[in-house]
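When we follow our numbering, the leftmost residue of the sequence shown carries the number 6, and every step to the right adds one.
Among the hints, erroneous ones may be present.
[Stated by the list, open to error] In silico DSSO-like links for lysine-lysine, alpha-carbon gap of 27 angstroms or less: (1) K105 with K182; (2) K259 with K301; (3) K182 with K208; (4) K105 with K208; (5) K182 with K86; (6) K301 with K286; (7) K208 with K49; (8) K86 with K105; (9) K259 with K286; (10) K182 with K49.
It is worth saying that the hints were derived from the structure and are not from the lab.
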Amino acid sequence: MVNTSFTRDIQFPPLPLEEWEDTKNTLHLFLQIVGKIRLALFPKMNHWWHVSFYVSVRGLTTGPIPYEDMTFEMEFNFRDKEHVLRIETSEGDLKTVPLKGLSVAVFYDRVFSSLGELGIMVGIRPVPYDMPGVSTEPFPSDYQHMAYDEEYVNRFWRILVQVSSIFQIFRGWFIGKSSPVHFFWHHADLALTLFSGRPVPVKEGANRIEFEASSHEMISFGFWAGDQQIREPAFYAYMHPQPAGFMNEPLSPKEAFWSHQAGLALLMYEDVRNAVDSPEKAVLDFLESVYQAGAKRANWDIEALRLPSSEKQVKEQAQRQYKEHADILEKLERPDA
């Protein structure tokens, strides 16, 4: 990939939390409203994979949600001039709800009114989930949160596009059980999880969500735009359960570090933006180093879980094509061909 400073600023633009935090909080609440609708209607899947969004060519989407004899999709459009939530059915009906200029309460009302006009009836628990320090106000009465800066939301989405692609490449190296590359609206992070296939005891006192989410040994990776504790965008990774010596293993690139307090490996987004080789390589090196640390310490069968080298596959394909080409030339040059 070309990595001029101009290209980097387009693909990996600056995203200082302080400059768009009010917008981020409003957007996060919008995402939770739509996410809870998906949670209410989508068939349950393991590890809560049925609740997440996916990065799309416009923004973030629920993907198709089954409802009675049709499907519908809810997509946040962060790409085009008018930022809107699109609600479209397999019958061809479409409703849109603007994202700028609406409080959480008005957005909530408009979303459910639009669903009703499309014949979709659904109820949710209308309160924020796990957003201490941001909001505990029920959605229908939250007139405070309404900041919305299209430029920063678009930057956030453009970063998600790049990170999603990098995570997809990394996911392709692993042939074991893996989550999709998906966006969890409860913490507003893009995530990917790899599993060894071994079940593990769930910690005592685990709630319903934790019980399902942490029932199997895993190494999880993600990206988020910063929060109350970490005040800047970052890539993170952790292992559950955490094996002895895991956080003593080396990390790459050199800017990555272990946060013993949080139990995470971290790589700051600004270090990725300024990576000497390329942002893509920096992120892939980080993901691979954490994977190797966890797989080694937990005795995963690394070779059995690794997809055969794509470089080796390309080389073998080139050799086959060369042999086929040589055979054709030989036949063409032979007098009796």
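Q.
Hinted pair, alpha-carbon criterion (27 angstroms max): K259, K286. Please report holds or violated.
A. 12 angstroms, holds
Q) Is the straight-line distance between the alpha-carbon of K208 and that of K49 27 angstroms or less? A) 22 angstroms, holds
Q) Holds or violated: are the alpha carbons of K105 and K182 at most 27 angstroms from each other? A) 40 angstroms, violated
**Q.** Restraint check for K259 with K301, where alpha carbons must lie at most 27 angstroms apart
**A.** Status holds; Cα separation ~20 angstroms.
Q) Holds or violated: K301 with K286, Cα cutoff 27 angstroms? A) At roughly 22 angstroms apart (the allowed maximum being 27 angstroms), K286 and K301 satisfy the hint.
Q) Under the criterion that the straight-line Cα-Cα distance not exceed 27 angstroms, is the pair K182, K208 satisfied? A) 22 angstroms, holds
Q) Between K105 and K208, does the CA-CA distance stay at or below 27 angstroms? A) 42 angstroms, violated
Q. Given the proposed pairing of K182 with K49, does the C-alpha separation stay at or below 27 angstroms?
A. 18 angstroms, holds
Q.
Run the distance test for K86 versus K105: straight-line Cα separation, threshold 27 angstroms.
A. 11 angstroms, holds
(Q) Check whether the Cα positions of K182 and K86 lie no farther apart than 27 angstroms. (A) 39 angstroms, violated
In this structure, the hints that do not hold are numbers 1, 4, 5, in rising order.
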